[in-house]
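Could you slot chains D, G and B onto chain V? The hints should help.
Residue-level listing of the chains:
Protein chains: 4
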Amino acid sequence: MQAFVMEELGEVGFLEKDKPEMGPADAIIRPTKGLVCTSDVHTVHGAVGERENLTLGHEVVGVIESVGETVEDFEPGDRVAVGAITPDWGSTAAQDGHPSQSNQALGGWKYANVKDGTFAEYVHVNDADANLAHIPESVSDEEAVYVTDMMSTGFMGAENADIPIGGTVAIFAQGPVGLMATKGAVLQGAGRIIAVETVPNRQELAREYGADEIVDFEDGDPVEQIMGLTDDEGVDAAIEALGRSETFEQCVKVTKPGGTISNCGYHGEGEYVNIPREEWGVGMAEKDIKTGLCPGGRLRLQRLLRLLEADRVDPTKMTTHEFPLEEIDEAFHLMETKEDDIIKPLIDFDN
Amino acid sequence: MQAFVMEELGEVGFLEKDKPEMGPADAIIRPTKGLVCTSDVHTVHGAVGERENLTLGHEVVGVIESVGETVEDFEPGDRVAVGAITPDWGSTAAQDGHPSQSNQALGGWKYANVKDGTFAEYVHVNDADANLAHIPESVSDEEAVYVTDMMSTGFMGAENADIPIGGTVAIFAQGPVGLMATKGAVLQGAGRIIAVETVPNRQELAREYGADEIVDFEDGDPVEQIMGLTDDEGVDAAIEALGRSETFEQCVKVTKPGGTISNCGYHGEGEYVNIPREEWGVGMAEKDIKTGLCPGGRLRLQRLLRLLEADRVDPTKMTTHEFPLEEIDEAFHLMETKEDDIIKPLIDFDN
Amino acid sequence: MQAFVMEELGEVGFLEKDKPEMGPADAIIRPTKGLVCTSDVHTVHGAVGERENLTLGHEVVGVIESVGETVEDFEPGDRVAVGAITPDWGSTAAQDGHPSQSNQALGGWKYANVKDGTFAEYVHVNDADANLAHIPESVSDEEAVYVTDMMSTGFMGAENADIPIGGTVAIFAQGPVGLMATKGAVLQGAGRIIAVETVPNRQELAREYGADEIVDFEDGDPVEQIMGLTDDEGVDAAIEALGRSETFEQCVKVTKPGGTISNCGYHGEGEYVNIPREEWGVGMAEKDIKTGLCPGGRLRLQRLLRLLEADRVDPTKMTTHEFPLEEIDEAFHLMETKEDDIIKPLIDFDN
Amino acid sequence: MQAFVMEELGEVGFLEKDKPEMGPADAIIRPTKGLVCTSDVHTVHGAVGERENLTLGHEVVGVIESVGETVEDFEPGDRVAVGAITPDWGSTAAQDGHPSQSNQALGGWKYANVKDGTFAEYVHVNDADANLAHIPESVSDEEAVYVTDMMSTGFMGAENADIPIGGTVAIFAQGPVGLMATKGAVLQGAGRIIAVETVPNRQELAREYGADEIVDFEDGDPVEQIMGLTDDEGVDAAIEALGRSETFEQCVKVTKPGGTISNCGYHGEGEYVNIPREEWGVGMAEKDIKTGLCPGGRLRLQRLLRLLEADRVDPTKMTTHEFPLEEIDEAFHLMETKEDDIIKPLIDFDN
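Sequences listed follow chains V, D, G and B, in order.
Quick note: the first sequence uses full-length UniProt numbering, first residue 1, plus one each step.
Quick note: the second sequence uses full-length UniProt numbering, first residue 1, plus one each step.
Quick note: the third sequence uses full-length UniProt numbering, first residue 1, plus one each step.
Quick note: the fourth sequence uses full-length UniProt numbering, first residue 1, plus one each step.
Extracted from the complex, chain V is given alone in its bound form (with noise of 0.2 Å):
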């Protein structure tokens, strides 16, 4: 089978490889629809180390190809999701409530990571029947797709910012995982959320999403224009959504004591993320740092396609590019340019 790999640090391209094999919990699907994230890059620059010939990619819905002996609730033919994150279930750390660590630290993230990933002609799904969900029949694969990554890591970053009902929220960033972020403050029932972004395409996406003002920090530093903007208080919960110490940083000054700073952006650099000191009340002003990975699971699917199924979001506003999957290095330049205004490139396998 064809595989969109990356050959070493910094090259990518297609490969012809075996088709992947299985256990008896497991399950091989064909992808129909997928999206390339911006941590793929990040992957094909050596964020996670060096890899020879990995397949890339971990954002894929497809139909089931086939199942090992011991699934109960899935067969071939079934129209599927499957998240960017497959847990051990069974793992301490799934047990102790955090499947996105099982074994090790992000030891849920599979895909492109520590096995070959979902651009491909076929996909492994360890444990199916606990990390695959049906697509509701009303849901269009490019709307699926969507669950499998951005709108869960989105969604996190709202859920662990903890948001008090009609609470006020900063969210930094509006990428695509910023822009799910600003849709589930809503969903957390936010009051006012401030969205920080510069690019207008992205600004206007933030207000569709919900956001109540936006801050742009071309026009000058945003922990000054949030402060300005909530009397000097300070916002309720700030959110990371980009992955810069400097950013971060922001996220504590801007939130208020007894308040939460929730991190979902990928630190890439660094050897250090900072705390200023003073700001986080000399280590005593009740700002609680959270942080996650994706949450996957079958569970975690049906709820986030539920909220399709219900009209309650619609992700694919996100979606300003597509490709089949012979261009996908197309798609790949452009998310590591971010030229032509580009949030998420879809994927069409079947083209």
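For the record, the hints were derived by calculation from the structure and aren't laboratory data.
Because the structure is a prediction, the values reported are computed rather than measured.
Among the hints, erroneous ones may be present.
Said to hold, decoys possible - Quick list of in silico lysine to aspartate or glutamate cross-link-like pairs, DMTMM-like style, CA-CA up to 25 Å: (1) G:115 with D:279; (2) G:19 with G:137; (3) G:115 with V:73; (4) B:115 with D:232; (5) V:115 with B:233; (6) G:19 with V:69; (7) G:115 with V:72; (8) V:115 with B:279; (9) V:317 with D:311; (10) G:317 with B:311; (11) V:115 with G:69; (12) D:317 with V:311; (13) G:115 with D:278; (14) B:317 with G:232; (15) D:115 with G:232; (16) G:115 with D:311; (17) B:115 with V:279; (18) V:115 with G:72; (19) V:317 with V:339; (20) B:17 with B:327.
Leaving out everything else, chains D, G and B in the frame of chain V:
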């Protein structure tokens, strides 16, 4: 001043009373808009025991007439909302996170319970800095009066239900509290909202506030209907917004193991509220039962007012009737009979 | 192999059975020590319905006889504890944080319920890597067998009670689960522990495990006694460790507004468990009611075994009797009559 | 009256001051016993900025001299403890569950910060009914004075750590706060407590309060030692009780994915407290970071006093020195140099 009182059990009428006095931390307000609550009717019929010439009412907004000497953040002329529940914030119950229970069970509920209520020309507010909130300019008095009880109580019903994002919730009864629980469920990220109600205009309003499906108990056992809708799996959470043991039992029955029953109904009758033993998993099915009394306090009011300012909710759809203060007895009459499809009667103090 | 079975309702005896078979992720163990549980007696009398020749027992430790091909962390000869509850960790209930409810209400409870129990020469363990734990060298088999149910269940009763550090808790009944709830309350930081019990050797053991005061219900209404001890304020938390509606009602009555009722008793009889309406604050006093079924799983077992290793608790004080497997019917007889001051009978499989 | 003050940066001494005045809800107490805190020394050196003739001290018990007219539960002659933190309970931060942050970051901390402290003949207490607690007869003044800060702060460190029952915790530094965090970990059910400390008498006391193992950082990198002790798995929770970025970083490093870092150290220096990016799982390893400031208030004091009454903890083991008020400067000197194996110096106001 004129006050609308419960003269004795079952008897209401207007009475001339002295203007209330206040302590150093208190305030006096002149109401502009109020709402009659079904619990006012319960009170008249003896739900809190006998009372003599007790002024009725607990849902009101108005203008500050005067403030005590230690009040810092409010002054005469300010347009304010006052919570139906006005806790003693220094009490140990409040220190323990339960301000509505300050000093005794339901002790934060003072109006028309342990002191004169709000259907009078002047109303006393204890601890003004902690129990009042300024009404934002863009929010009308009619909108604002809904935060004092209906929004706070109904939303609490949804908050206590611990609805997972995308989860399924059943809400029993769509009176004003149930309707706000329905809207609250949307604001907590519910993916599927099943409202149980039989009155047509309430069913319609339930859909407007976010119910995806309506279960009419005149069409058959609501438990069977809900189990049918959910493939016999049950719901993640059930909200009791009526206050009857029978409805509470149904809540326990339709909730899946590990789910939550959130009670916000006022149980006015009977020695017991019954938990069905078997469907409760013989005491081991991890179905939590939570209760609450309308959260009060300045912060709560501010956050709910913010939701109005941001147009996240329009509670005025529930205003089916409007009366000047002089005709409030007609509002009480309708709330008792539920005639004329009444949901909430607005009382206008200025006409 | 020999197995001690429930032949039919009310009848027990030994039976020759085939050695259990196992799947690729499972294990077979040879028990060394076991404990008889009052719930075994309930089962014999029909609490979970009719059964035919079902092997009894669910509290056991032993040595691994064989493991399936995908088991990674255990091998023949290992000394292990197996939880009374052995969840399916991939189930949606487990993904939702409720492994004991996997697949159905109480679905994690398999032994002597939906499959053969542990009073046999060989015992089947599903998902061995997730449901077994190695017993540390310094911990004896007799100590270890208490983690499988008594410590896990009793401690859960205390954990669910949300006892504030220094708080006051009342624990109703001091059978083995109640005694471990008492010890659990100490380990959750309770400042005052009131144990309700009438049997002298249980009262004494309650004190040894940390009870500060004993309320003997033969000395008068326990509600009155507890309210008297607490200046009519009530307790922060009440734990029901008996499984009777009457006791449950007392728990609701003695709990202060804003407090918690934690149920860990098995309610075996009656259509309803009753909540006293008035003392429940007419459904608004914020008295949460929580339930649970013994938490299982490798991590839970490991952590409880660690408490034994660190000498934080000595559960063997509860061993009042000891029998070889051949005489287990005598243990069942005593657990039914509670004669001879029995608390827990230890079963020795090797003699 | 005589007061021990910080005359200016770096200078302390006695000064004659007027007896404090009080408002209607306040009280004046005459201290009997006090403790000097390392943070007093920080204050003298400028940690909270410049001050002129500010009375020092915030840990004290005493006898009520007089109460304001609205105080209900206390009267002259009562023996009372007063929290180091005396929140404004009506503030929005307190309503939000963060009384220690009332009105501003760390705003509940008033003594020797925004008003005169406790090392004087008379001490002012704001909101006496909410911020004082009666000392039980069986509890000595010396015992009781530890609840005002050391027990409340140290226990908070353990409570915020979310230690699972039987879980593993590492506590960095065994000064008085760290020692009480160690004891607090026992009271939260920790199964394994690793204390990091190098001073012999503190190591010894750590063991007495419940540490199972001591890691001496003079024996090598504590991160390596702790990872070695835990089979490279790390701990469920790490508590920072020193207030240095280096120690904080070690806490992040030794905490397993999904674990908690609880900070109760006062970070007095540097622009940043650093989070090590990689060991923090690039912002996705679900290692929560929590902070807190000593919880105050009557309920907290009552519950901690109850633990003394029940002999659950003996804090007086930390009293290594005792001085009459006149010689308090010697206590300050020793707390600065940590000479003579000092842990806590008790101040006796009556001699």
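We went through each hint and held it up to the structure:
1. G:115 with D:279: 22 Å, holds
2. G:19 with G:137: Given that 25 Å is the threshold and the Cα spacing comes to 28 Å, the pair is violated.
3. G:115 with V:73: 22 Å, holds
4. B:115 with D:232: Given pair residue 115 of chain B, residue 232 of chain D is violated - Cα atoms ~63 Å apart, limit 25 Å.
5. V:115 with B:233: Holds - the C-alpha atoms of residue 233 of chain B and residue 115 of chain V are around 23 Å apart, at most 25 Å.
6. G:19 with V:69: 24 Å, holds
7. G:115 with V:72: 19 Å, holds
8. V:115 with B:279: 22 Å, holds
9. V:317 with D:311: 22 Å, holds
10. G:317 with B:311: 22 Å, holds
11. V:115 with G:69: Judged against 25 Å, a Cα distance of about 22 Å means the pair holds.
12. D:317 with V:311: OK: residue 317 of chain D and residue 311 of chain V at ~23 Å, within 25 Å.
13. G:115 with D:278: 21 Å, holds
14. B:317 with G:232: Distance of about 35 Å is beyond 25 Å: violated.
15. D:115 with G:232: Measuring from Cα to Cα gives roughly 24 Å; hence the hint holds.
16. G:115 with D:311: 56 Å, violated
17. B:115 with V:279: Roughly 22 Å between the alpha carbons, so the hint for residue 115 of chain B and residue 279 of chain V holds.
18. V:115 with G:72: With a Cα-Cα distance of about 19 Å, the restraint between residue 115 of chain V and residue 72 of chain G holds, given a limit of 25 Å.
19. V:317 with V:339: 18 Å, holds
20. B:17 with B:327: 18 Å, holds
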